[in-house]
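Take the given structure of chain D and dock chain G to it, following the hints.
If you're matching them up, the sequences are chains D and G in order. The opening residue of the first sequence carries number 1 in the numbering used here; numbering runs sequentially from there. The opening residue of the second sequence carries number 1001 in the numbering used here; numbering runs sequentially from there.
No lab work stands behind these hints, which were simulated from the structure alone. Honestly, I wouldn't trust all of these hints.
[Said to hold, decoys possible] BS3-like, lysine-lysine: derived pairs with alpha carbons at most 30 Å apart:
(1) D:Lys155 / G:Lys1042
(2) D:Lys222 / D:Lys155
(3) D:Lys294 / D:Lys308
(4) G:Lys1042 / D:Lys294
(5) D:Lys294 / G:Lys1242
(6) G:Lys1155 / D:Lys294
(7) G:Lys1042 / G:Lys1294
(8) G:Lys1308 / D:Lys308
(9) D:Lys42 / G:Lys1294
(10) G:Lys1155 / G:Lys1294
(11) D:Lys242 / G:Lys1042
(12) G:Lys1308 / G:Lys1294
(13) D:Lys155 / D:Lys242
(14) G:Lys1042 / G:Lys1308
(15) G:Lys1294 / D:Lys155
[To be verified] These stretches of chain G come out as covered by chain D in the derived footprint (C-beta under 8 Å, 3 or more residues):
(16) 1037-1043
(17) 1252-1263
[To be verified] Sample of chain D residues lacking proximity to chain G, with all beta carbon distances greater than 10 Å (derived):
(18) Gly105
(19) Gly135
(20) Leu207
(21) Lys294
Note that CB positions come from ideal geometry on N, CA and C, so glycine has one too.
There are 2 protein chains.
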Amino acid sequence: MQLLDGILQRQPRAIARAISTVESGGSQASSLMHDVFSHTGKSLIIGITGSPGAGKSTLVDRLAGYYRQQNQTIGIIAVDPSSPFSGGAILGDRIRMQALGTDAGCFIRSMATRGNLGGLARATTDAVAILDAAGFDKVIVETVGVGQDEVDIVKTADVSIVVLVPGMGDDIQTIKAGIMEIGDIFVINKADRDGVLNTEREIESLLSIVERPDGWNPPIIKTVATQNQGLEEMANAIASYKQFTDVHPDNARRNAIAEQRIIELLRDRLLAIAIERGIGIDGIDQLAAQVAAKERDPHSVVDEIIEKSGISAK
Amino acid sequence: MQLLDGILQRQPRAIARAISTVESGGSQASSLMHDVFSHTGKSLIIGITGSPGAGKSTLVDRLAGYYRQQNQTIGIIAVDPSSPFSGGAILGDRIRMQALGTDAGCFIRSMATRGNLGGLARATTDAVAILDAAGFDKVIVETVGVGQDEVDIVKTADVSIVVLVPGMGDDIQTIKAGIMEIGDIFVINKADRDGVLNTEREIESLLSIVERPDGWNPPIIKTVATQNQGLEEMANAIASYKQFTDVHPDNARRNAIAEQRIIELLRDRLLAIAIERGIGIDGIDQLAAQVAAKERDPHSVVDEIIEKSGISAK
Chain D
1 MQLLDGILQR QPRAIARAIS TVESGGSQAS SLMHDVFSHT GKSLIIGITG SPGAGKSTLV
61 DRLAGYYRQQ NQTIGIIAVD PSSPFSGGAI LGDRIRMQAL GTDAGCFIRS MATRGNLGGL
121 ARATTDAVAI LDAAGFDKVI VETVGVGQDE VDIVKTADVS IVVLVPGMGD DIQTIKAGIM
181 EIGDIFVINK ADRDGVLNTE REIESLLSIV ERPDGWNPPI IKTVATQNQG LEEMANAIAS
241 YKQFTDVHPD NARRNAIAEQ RIIELLRDRL LAIAIERGIG IDGIDQLAAQ VAAKERDPHS
301 VVDEIIEKSG ISAK
Chain G
1001 MQLLDGILQR QPRAIARAIS TVESGGSQAS SLMHDVFSHT GKSLIIGITG SPGAGKSTLV
1061 DRLAGYYRQQ NQTIGIIAVD PSSPFSGGAI LGDRIRMQAL GTDAGCFIRS MATRGNLGGL
1121 ARATTDAVAI LDAAGFDKVI VETVGVGQDE VDIVKTADVS IVVLVPGMGD DIQTIKAGIM
1181 EIGDIFVINK ADRDGVLNTE REIESLLSIV ERPDGWNPPI IKTVATQNQG LEEMANAIAS
1241 YKQFTDVHPD NARRNAIAEQ RIIELLRDRL LAIAIERGIG IDGIDQLAAQ VAAKERDPHS
1301 VVDEIIEKSG ISAK
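Chain D with its partners taken away, still in its complex shape (with noise of 0.2 Å):
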């Protein structure tokens, strides 16, 4: 309960130790979020993805800056799960903490280890509703990278973003249908660079194989982040999809989103469970090496925790 005190008061640790105990997952985070969830639904939930080296983490930044300006109070989850093993979000992390940390009105947080046992799509969802719990205005969810996990993440915001950069030639092709479909606001960052209408015919062109069943036509708009350039277009085409779902709220997509949450939170319910009671941490260790050399296949070995937990009694 203290801890949900500190972050409905915005404390900075008390919102800190809260994500990271979302990130752990297990019976502590679910009771967290059972608390924390009463005080969601305020804030405005913004996600932004697209290709990398498209310049995102200086374009949320500078876009942070922007409503910083206005008195709308900012946090931001950095999302970097193409980075498993080493620590290089946690240092640009600490690099962009120095640049807005020192501001109360604005927290910043990256994510980018996926436990064994927990989900990164469920964790942020977590860490997101925290931030909106702990009362900030605009809540940014920006991803790294152009995966499953990243489109998940994404579309599960208020209003999502992708972000692209001229020149990219026939390689927007690559981004695909998939990524586009997702877009209820296209940013072609750099747009100084040469190619910027040649990026914008193919965006179009993209858009209109897309059928979106809103009847929301989604804008594009062009940014120079390092030059804090196109900020306001940015902001407005954000407010005007707002005012647009206020109005035309898309009950399918909304359902969707609550239906993958309840089964992200369910997979890893059940993991925690079967884990604790049917064999511990230790003894997947133990069955992961009998797996491995070949002595047992991993489907018996399922049956086998399964049974040890006492699931498939019943």
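Relative to the frame of chain D, chain G by itself:
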């Protein structure tokens, strides 16, 4: 058992049906994989990932062609998780099937969709095991993105290859240490473009900060896949790494892979059990609508599903 026989006789239809079965997940998939497992372990599994636009599909097709000339049989799994909604990968699959698929020594299948209840990493590993059991000499797993899912998938291969292209400039930094650490071999494709030396130097400098516990020194191979250049060097590098690991097996890596496999399987199986016993897939839809409308909190919904499935009764 008929399906298993078809797999062992390398019948394309049986293989395709088996992969569809593991994509759906559930107990049918589990019992099939149980039978399949004892026939695995003979193929060399080659994982290929890298930056968008690096020409991975062409490289894989041409490498497969090279192996076919050596009378090696080839199975290919192309993973495209960035395409969650549209049939992009399926279309690409058909085009590639026309080029490769008339040859009985070559099987290609793309996996684009991740079902609500099934993990893509788990389904991909199952599909690779099916091709292994079918007796293909080489099984190539190719992923499109650079997210966590892709890293997880490629990490489980016997040989992991990272493909880059010249002229990525400072964008290579965004590919990051995470993906550098999984590469046993690096390939610079489109090596007839400007900037090859720069890219090579960048890879070398990134590799110099990665410490490999096994002492292997990842080679950097240059290819122009569209002109069949460098394929022999690539195949030789793959053979060299295979020889190296035969002499210096990396048990820690093998154990970590097996542990991840067990956990993936366990998560999928538990989720299927809980939904089947606890609530049904229609029940999830109803609860999701309540959560979306903020009438209920997802954590208490998950508590309820676990309670109803009898798992928490113990």
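Verification of the hints:
1. For the proposed pair Lys155 of chain D and Lys1042 of chain G, the alpha carbon gap of about 40 Å is over 30 Å, so the pair is violated.
2. Of the pairs offered as hints, the one joining Lys222 of chain D and Lys155 of chain D holds, with about 22 Å between alpha carbons and a cut-off of 30 Å not exceeded.
3. Among the hinted pairs, Lys294 of chain D with Lys308 of chain D is consistent with the structure: their alpha-carbon atoms are about 22 Å apart, no more than 30 Å.
4. Between Lys1042 of chain G and Lys294 of chain D the alpha-carbon distance is near 12 Å, which keeps this suggested pair within the 30 Å criterion.
5. In summary, the hint linking Lys294 of chain D to Lys1242 of chain G is supported, as the alpha carbons are separated by about 18 Å, within the 30 Å threshold.
6. As the CA atoms of Lys1155 of chain G and Lys294 of chain D are separated by approximately 18 Å, the hinted pair is consistent with the 30 Å bound.
7. Between Lys1042 of chain G and Lys1294 of chain G, the direct Cα distance comes to roughly 52 Å. Violation of the 30 Å bound is thereby established for this hinted pair.
8. Taking the CA atoms of Lys1308 of chain G and Lys308 of chain D, the gap is near 20 Å; set against the 30 Å cutoff, the hint holds.
9. Only pairs whose Cα atoms come within 30 Å are accepted, and Lys42 of chain D paired with Lys1294 of chain G is accepted, the gap being roughly 12 Å.
10. Note on Lys1155 of chain G and Lys1294 of chain G: the hinted pairing is violated, with a Cα-Cα distance of about 39 Å set against a maximum of 30 Å.
11. For the hint pairing Lys242 of chain D with Lys1042 of chain G, the CA-to-CA distance comes to about 55 Å; that exceeds 30 Å, so the pair is violated.
12. Taken as a hint, the Lys1308 of chain G and Lys1294 of chain G pair is honoured in the structure, with Cα atoms around 22 Å apart against an allowance of 30 Å.
13. As the CA atoms of Lys155 of chain D and Lys242 of chain D are separated by approximately 15 Å, the hinted pair is consistent with the 30 Å bound.
14. With a C-alpha separation of about 44 Å, the suggested pairing of Lys1042 of chain G with Lys1308 of chain G is violated against the 30 Å cut-off.
15. Distance restraint check for Lys1294 of chain G and Lys155 of chain D: the Cα-Cα separation of roughly 18 Å lies within the 30 Å cut-off, and the hinted pair is therefore satisfied.
16. Coverage of the region 1037-1043 of chain G by chain D holds. Counting CB-CB distances below 8 Å, 3 residues qualify, and the rule asks for three or more.
17. Taking a C-beta to C-beta cut-off of 8 Å, the region 1252-1263 of chain G contributes 10 residues in contact with chain D, enough for the three needed, and the coverage statement holds.
18. Even its closest Cβ contact with chain G, about 26 Å, leaves Gly105 of chain D beyond 10 Å, as expected for a residue assigned away from the interface.
19. For Gly135 of chain D, the shortest C-beta to C-beta distance to chain G comes to about 17 Å, beyond the 10 Å cut-off, and the non-interface label holds.
20. Here Leu207 of chain D stays apart from chain G, with its beta-carbon at least about 13 Å from theirs, past the 10 Å limit.
21. Not every beta carbon of chain G lies more than 10 Å from that of Lys294 of chain D, the smallest distance being close to 6 Å; the non-interface claim is violated.
The structure is inconsistent with the numbered hints 1, 7, 10, 11, 14, 21, although it conforms to all the rest.
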